[in-house]
Amino acid sequence: MNNRNIALKVEHISKCYRIGTKEDVHDSFGASVFDFIKSPIKNYNKYRSYYKFGDIKPDQGNGPKNDQSDIIWALKDVSFEVKEGEVVGIIGINGAGKSTLLKILSRITNPTSGCATIRGRISSLLEVGTGFHQELTGRENVYLNGSILGMRKKEIVRKFDDIVDFSGIAKFIDTPVKRYSSGMKMRLAFAVAAHLEPEILLIDEVLAVGDARFQKQCLAKMKDIGQHGRTVIFVSHNMPAVTRLCPRTILLNGGRVHADGDSHKIVSLYMHSEKSTKAERKWDDMIKAPGDEVVRLCAVRVKTEEGSVTDVMDIRKPIGIEMEYEVFQSGYEMRVYFYVINENGVTVFPSFDSDPAWRGKPRQAGRYVNVGWIPGNMLSEGTFFITPAIYTISPNIRRYKVEDAVAFQVIDSMEGDSARVDFTGNMSGVVRPLLKWETQFRPKGSKVTTEAKG
Amino acid sequence: MKINKDSLTVIKKRSGWQIIDFQELIEYRDLFFFLVWRDIKALYAQTIMGFSWAIIQPLIQILMFSIIFGKVAKISTDGIPYILFSSVAIIPWTYMSQSMTVSSQSLVQGSALLGKIYFPRLIFPIAPILSKLVDFGFSIAIILGLMLYYRILPTWNLLCFPLFFIMMVSIPAGVGLWLSSLAIRFRDVKHAMPFFVRMLIYTAPIVYSASSIPEKYRIIYSLNPIVGVIEGYRACLLGTPFPWLYIWPGMITAAVLLISGAYYFKRMEQILVDVI
Numbered sequence: 009m010n011n012r013n014i015a016l017k018v019e020h021i022s023k024c025y026r027i028g029t030k031e032d033v034h035d036s037f038g039a040s041v042f043d044f045i046k047s048p049i050k051n052y053n054k055y056r057s058y059y060k061f062g063d064i065k066p067d068q069g070n071g072p073k074n075d076q077s078d079i080i081w082a083l084k085d086v087s088f089e090v091k092e093g094e095v096v097g098i099i100g101i102n103g104a105g106k107s108t109l110l111k112i113l114s115r116i117t118n119p120t121s122g123c124a125t126i127r128g129r130i131s132s133l134l135e136v137g138t139g140f141h142q143e144l145t146g147r148e149n150v151y152l153n154g155s156i157l158g159m160r161k162k163e164i165v166r167k168f169d170d171i172v173d174f175s176g177i178a179k180f181i182d183t184p185v186k187r188y189s190s191g192m193k194m195r196l197a198f199a200v201a202a203h204l205e206p207e208i209l210l211i212d213e214v215l216a217v218g219d220a221r222f223q224k225q226c227l228a229k230m231k232d233i234g235q236h237g238r239t240v241i242f243v244s245h246n247m248p249a250v251t252r253l254c255p256r257t258i259l260l261n262g263g264r265v266h267a268d269g270d271s272h273k274i275v276s277l278y279m280h281s282e283k284s285t286k287a288e289r290k291w292d293d294m295i296k297a298p299g300d301e302v303v304r305l306c307a308v309r310v311k312t313e314e315g316s317v318t319d320v321m322d323i324r325k326p327i328g329i330e331m332e333y334e335v336f337q338s339g340y341e342m343r344v345y346f347y348v349i350n351e352n353g354v355t356v357f358p359s360f361d362s363d364p365a366w367r368g369k370p371r372q373a374g375r376y377v378n379v380g381w382i383p384g385n386m387l388s389e390g391t392f393f394i395t396p397a398i399y400t401i402s403p404n405i406r407r408y409k410v411e412d413a414v415a416f417q418v419i420d421s422m423e424g425d426s427a428r429v430d431f432t433g434n435m436s437g438v439v440r441p442l443l444k445w446e447t448q449f450r451p452k453g454s455k456v457t458t459e460a461k462g
Numbered sequence: 003m004k005i006n007k008d009s010l011t012v013i014k015k016r017s018g019w020q021i022i023d024f025q026e027l028i029e030y031r032d033l034f035f036f037l038v039w040r041d042i043k044a045l046y047a048q049t050i051m052g053f054s055w056a057i058i059q060p061l062i063q064i065l066m067f068s069i070i071f072g073k074v075a076k077i078s079t080d081g082i083p084y085i086l087f088s089s090v091a092i093i094p095w096t097y098m099s100q101s102m103t104v105s106s107q108s109l110v111q112g113s114a115l116l117g118k119i120y121f122p123r124l125i126f127p128i129a130p131i132l133s134k135l136v137d138f139g140f141s142i143a144i145i146l147g148l149m150l151y152y153r154i155l156p157t158w159n160l161l162c163f164p165l166f167f168i169m170m171v172s173i174p175a176g177v178g179l180w181l182s183s184l185a186i187r188f189r190d191v192k193h194a195m196p197f198f199v200r201m202l203i204y205t206a207p208i209v210y211s212a213s214s215i216p217e218k219y220r221i222i223y224s225l226n227p228i229v230g231v232i233e234g235y236r237a238c239l240l241g242t243p244f245p246w247l248y249i250w251p252g253m254i255t256a257a258v259l260l261i262s263g264a265y266y267f268k269r270m271e272q273i274l275v276d277v278i
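For the protein sequence lines, the chains are A and B, in the order given.
All residue numbers in the first sequence are consecutive under the numbering used here, ending with 462.
All residue numbers in the second sequence are consecutive under the numbering used here, ending with 278.
There may be inaccurate statements among the hints.
What the hints assert, rightly or not - Here are some chain A residues pointing at chain B (derived, C-beta under 8 Å):
| id | residue |
| --- | --- |
| 1 | N118 |
| 2 | G122 |
| 3 | I130 |
| 4 | M422 |
| 5 | Q448 |
Since the hints were derived computationally from the structure, they do not count as laboratory data.
Beta carbons are placed, not taken as given, at the ideal position from N, Cα and C, and that holds for glycine.
Please work from the sequences and hints to get the whole structure.
See the structure below:
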């Protein structure tokens, strides 16, 4: 047996679902009555069809010639292997099949075709606190939740004190969970989950819930699990977490494995491919433009000092972020801003319009063009996305926010006058400022002289 | 930590009629235990009367029936005091009706859990069948009290009690297996169930005596397994002769119901989560 150290092997897994089709609409009372009478038969066939798929294959379906137009393939012929102790991230846009894949691996649902082989005990952390019963006490819920997550009774008894310590709510352990605050519930649930010791752990977006401290705890725990030689499959939209925790990432797209490999490469590929964003975005039809009756966004552009719109920026030069918007109702004071997001999904910074000429003043109806300048030698190399947004200050309402509306590349032409100086290797970091450096030098046997002052 | 490297799981499309995976059920026995225990703990949480409700509910029904059917309608009970006649029937009936109602809704109720985590789905409809037995145990006290009051001594007939007990448990289990998986696909079950249970009480000799059924309908009547359970309990506890003609057909129905239910459930288990 040569595959001893393969923890998880997925072979040609496909999964299809049937989606709802449009109901017939009748134009006469008679037809409607007739339809009502025969509706039980129709309903029966409809609900039955949800799981009767006959002999369809993943390469059929969806095609124009095929009458199976109401079938969608959540996963199509997905194959990959995960070795023991590997920590693998799974990313992709919504609907790419990530959650379906986890559901199949955690045996919640069965694949339509294909098979997966799992070596070792598998646990999934799909949602913290699953199966908590409101009427039971914290103590009772630890046992219940632990057994739901796959722990044996003996195991829970053994770890019980650790779990309670970890949760930090020992005082309330005999209080019904319904009297807990949501934070306490979360802590207890996480404490139980953290004491799971599966050989393979599946995690889906647990980091999306909870406060910052809790998320940190989760990430720390995941790292810990990974370092103890356990296999982790981590599904997330949190790109920085994926790159930090998982050396390897699989990118799903349309139910297929689009790419598989080094996390940094895959995440940046994903950020590029999923967001084929350009340096300029315009909304010609004002009715469909983002915003509401108060203000709508007309255009966003990335431009150079010289005024040309381009998606390739010199690292040394300022970058102008131009937002054009139309105010329809006068009298609102507005907070105009944008976020700069890098290719790992990290918000590098937000920036608010601080132009003193307009600050604190209600805006007249009309068209505005705002430019915010990102200084040269500020961003690192790579791809950046701009998310423009506007709030009215009173009432405090967000009028629009367009995620990743435009994108641009920052490049270093390596002429020696950037923060790289003459280093040509791979530089990490979110920002790359050109700092002022000073050196104090004292030759052997002489007094201190200061070079480079001022 | 005990690492069980050789536990190999293969996930693939499973098809057709496969038997119950008892091996797996044993693996998940702790979860099974905790779910049953949860049902028991949570049922009477924050009540003053606690488990007394398990006695009060059937007791009031017994008194009601005794007044209406025993005193007002004067239904023949073959010489047994009506209150004893009805309590021996109402207590197993209460267990069967309650557990089949809860069991048939178990998958729909637990759908949040179903979609999140894997465990043998069979645990869901079976847990209430077991947890309701606690209520049944408490309410047996009513029968014991009445037997003491009427000075009825147990006879050798009591030896057959386990047989009827198993029959009593298998009926709601069979119904629960069928209906819980049907309810996942067709929510009609939820609307039909209370009505179905209300009707069902009149199909069994609970308020009346089985001897009032005309001879020629007896076989058809006895196909209802509830008839067998009730008649069996009466004979066991009150020491009357066993009316086997009323019991055998029901036993066959109960067995068919349970086995077919288990098969149907297993079949539906594959697609449960997708159609919830």
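Evaluation of the provided hints:
1. With 8 Å as the threshold, the beta carbon of A/N118 comes within range of chain B, its nearest partner Cβ sitting at about 5 Å, so the hint holds.
2. Interface restraint check for A/G122: the shortest CB-CB distance to chain B comes to about 7 Å, inside 8 Å, so the restraint holds.
3. For A/I130, the shortest C-beta to C-beta distance to chain B is roughly 7 Å, which falls under 8 Å, so the interface hint holds.
4. Hint status for A/M422 relative to chain B: violated, with the closest Cβ pair at about 51 Å, above 8 Å.
5. Because the closest C-beta pair between A/Q448 and chain B is about 55 Å apart, greater than 8 Å, the hint is violated.
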